[in-house]
Amino acid sequence: MIRPASALLAAAMLIAPLERVFAQATPPPEAVVIGLTYDPGTKPGVLVLRVPGATGDSIRAILQNDFDNGDRINVVAKDGGGFPDTPTGGRNGNYQLYAQLGALAIVQATPTASGLHVAVHNVAQAKVARVMDFPLDGEPNSREWRRSLHAISDELELWISGVRGIAATRIAYVQGARNGRLYVIDSDGAFPTPIGNESGVMSPNWHPKGTHVAYAVIGSRGCCQVYVADLASATSRQLAVGAGLNSTPVFAPDGAVIVYTHGEEDGTDLFATTAFDRGPTRRITVGRGTDNTTPAFSPDGRKLAFTSGRLGRPEIYISDADGTNPELLTSYNFGDQNYRANPDWSPDGRLIAFQSILPGGQFQLNTISLRDRSVKQLTSEGSNEDASWAPDSRHLIFSSTRTGTKQLFVIDSESGRWRQLTRNGGVRLPAWSPPLKR
Amino acid sequence: MHRVTRAIALSAVATVALAGCRRKPEPAPAPVQTTPVSNPAPTPTPPACDAACEEAKRREAEEARRRAADAARSSLTATIYFDYDRSDITDDARAKLDAKVPVLTQNTGIRIRIAGHTDSRGSDEYNLALGQRRAVAAKRYLTDRGIDAGRIEIVSFGEERPTCTDEADSCWGRNRRDEFEITVGEITAVQTANSVR
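Chain order of the listed sequences is Y and B. Just so we're aligned: 165 in my numbering is position 165 of the first sequence, and the numbers increase by one with no gaps anywhere. Just so we're aligned: 93 in my numbering is position 93 of the second sequence, and the numbers increase by one with no gaps anywhere.
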């Protein structure tokens, strides 16, 4: 399906200066920018025309796959064939034929010297709705090149559905059930890549700009120390915090502060410190000997969700970012045997995902609404843990045993549709990156 | 095998010296019975046991001490177990901890590390904290009985270092534990009698 690089195109790309044409001044409004009229409850049909050139098949396959993964677009005639390759021609063009295939919009992409020229057609109006030239970085089919295409997919998804896609993102995770290593993988499952060479890595978390990953390392002397890896330079630095247990680091939305779990003899509590200089540490939770761990910031940075065993069983709490006003979020009745843990706050601030287990059962993922505290169960097969939201506040990455060994899966929290991302056993603790390219 | 047979064969032939040496000072069937009883000091006996025998005695004493030290060491490093999602000291764990107290009291040069572990259920990250709480519970039990807190280091491994990996009750129970390791010092003083209970 994916063809080898065209030497000619590659050479042309090396010579041509890459223009950042699509980082235009004003982004399209939060609405359907190409004027499609369709029922918001259904996914608009989109036809991606065959793309000319040696890399055309790769380009088309990546765009279609990204649209499909985004769950907001119904890709029609995915396998190609049986339709004209260009909308022009005939009396009214070929729009009627496209409409018969169920397409409301046509994506017409043409490789250029510096990247990709894209025209999106509105089928009903039988005209071009929007045109743009996008750069493509790197050699064809390289990681950079694919990520440039993912960024194009995300932009086109915004034009067509009103919501930016999540293809140009990556997922950090731990490869290995014990003594695991830090890995990063593209959102479509391409390029699983080890970061650093430490073993015993746990709990990776992304810097809000996607430049760094914080994580904990469990060594032969027990759990854990916190590190911050700089992805560009592939170097890591240990966070200067107290001796004892230090785990589950998370960046505050401002990127300057890290909140982490610190355990000593008087219990395990949340603490905060500066992420990039040796600032002071300050205590957040006061658990009085109980376990308080797995912090997650609200997107505005003003609140924290975390797991606490202060009532006996682990439950989800929220508090102000400084630890004041702690409040039980998940329902608790006296004698409740449920075990709820690992909150992750959706980027739009509306939902908190968590995992829940009843005695004798397996972990299932749930979301709880911060507006009315209604709970929705997302999974039912296998044991499902460690949910992390995608930037679209709709998809979640998580680990699951549903196909046997522990693997990473992506679920659409609205439709329940899921796909398997990894295929090597013993994969866990995923964290979805912020948008990495646009 | 071979060794054992030979030992039996030798003891059957039983030269006097050897027998005297093997089995403790039986009155020593003296080689010089004919002499009158005027000589009070049973001088001939020690020479018969002398070098090899003394060595054997010493070895035996050493062996006994080693066995006692081993017993003390296994008391001190005996693993204790916990109930699901709990860090309370169970009755069984209490007996094992009580046996550690005299060993620590008598061997003040010894330092230990308590490592808390959990079973594979529960969240990987929460289990790190639970393991910590289990290590703290055992440490507190010992310090409450007079052991200096500075001699006890605590760590947690959560569910990251299981002793078994079956998803079954029997295995989970074995993984919910505190392990005890001597980090500094040797067991020198041993008192076997009342270290139990």
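Keep in mind that the hints were calculated from the coordinates and are not lab data. All values reported here derive from a predicted model rather than from experimental measurement. Glycine included, every Cβ here is placed at the ideal spot set by N, Cα and C. A portion of the hints provided could be inaccurate.
[To be verified] Ranges of calculated distance between the beta carbons of each label pair, as one might list FRET restraints:
#1 Y:Gly35 to B:Glu167: 30 to 40 Å
#2 B:Glu55 to Y:Gly426: 26 to 36 Å
#3 B:Glu167 to Y:Glu265: 41 to 51 Å
#4 Y:Asn179 to B:Thr188: 35 to 45 Å
#5 Y:Thr42 to B:Cys171: 44 to 54 Å
#6 Y:Arg373 to B:Gly185: 51 to 61 Å
#7 Y:Glu264 to B:Glu186: 24 to 34 Å
#8 Y:Gly289 to B:Gly150: 13 to 23 Å
#9 B:Arg65 to Y:Gly361: 22 to 32 Å
#10 Y:Gly289 to B:Asp166: 54 to 64 Å
#11 Y:Arg288 to B:Thr77: 24 to 34 Å
Hint check results:
no.	hint	in the structure
1	Y:Gly35 to B:Glu167: 30 to 40 Å	violated (55 Å)
2	B:Glu55 to Y:Gly426: 26 to 36 Å	violated (56 Å)
3	B:Glu167 to Y:Glu265: 41 to 51 Å	violated (32 Å)
4	Y:Asn179 to B:Thr188: 35 to 45 Å	holds (36 Å)
5	Y:Thr42 to B:Cys171: 44 to 54 Å	holds (49 Å)
6	Y:Arg373 to B:Gly185: 51 to 61 Å	holds (55 Å)
7	Y:Glu264 to B:Glu186: 24 to 34 Å	holds (29 Å)
8	Y:Gly289 to B:Gly150: 13 to 23 Å	holds (20 Å)
9	B:Arg65 to Y:Gly361: 22 to 32 Å	violated (53 Å)
10	Y:Gly289 to B:Asp166: 54 to 64 Å	violated (32 Å)
11	Y:Arg288 to B:Thr77: 24 to 34 Å	holds (31 Å)
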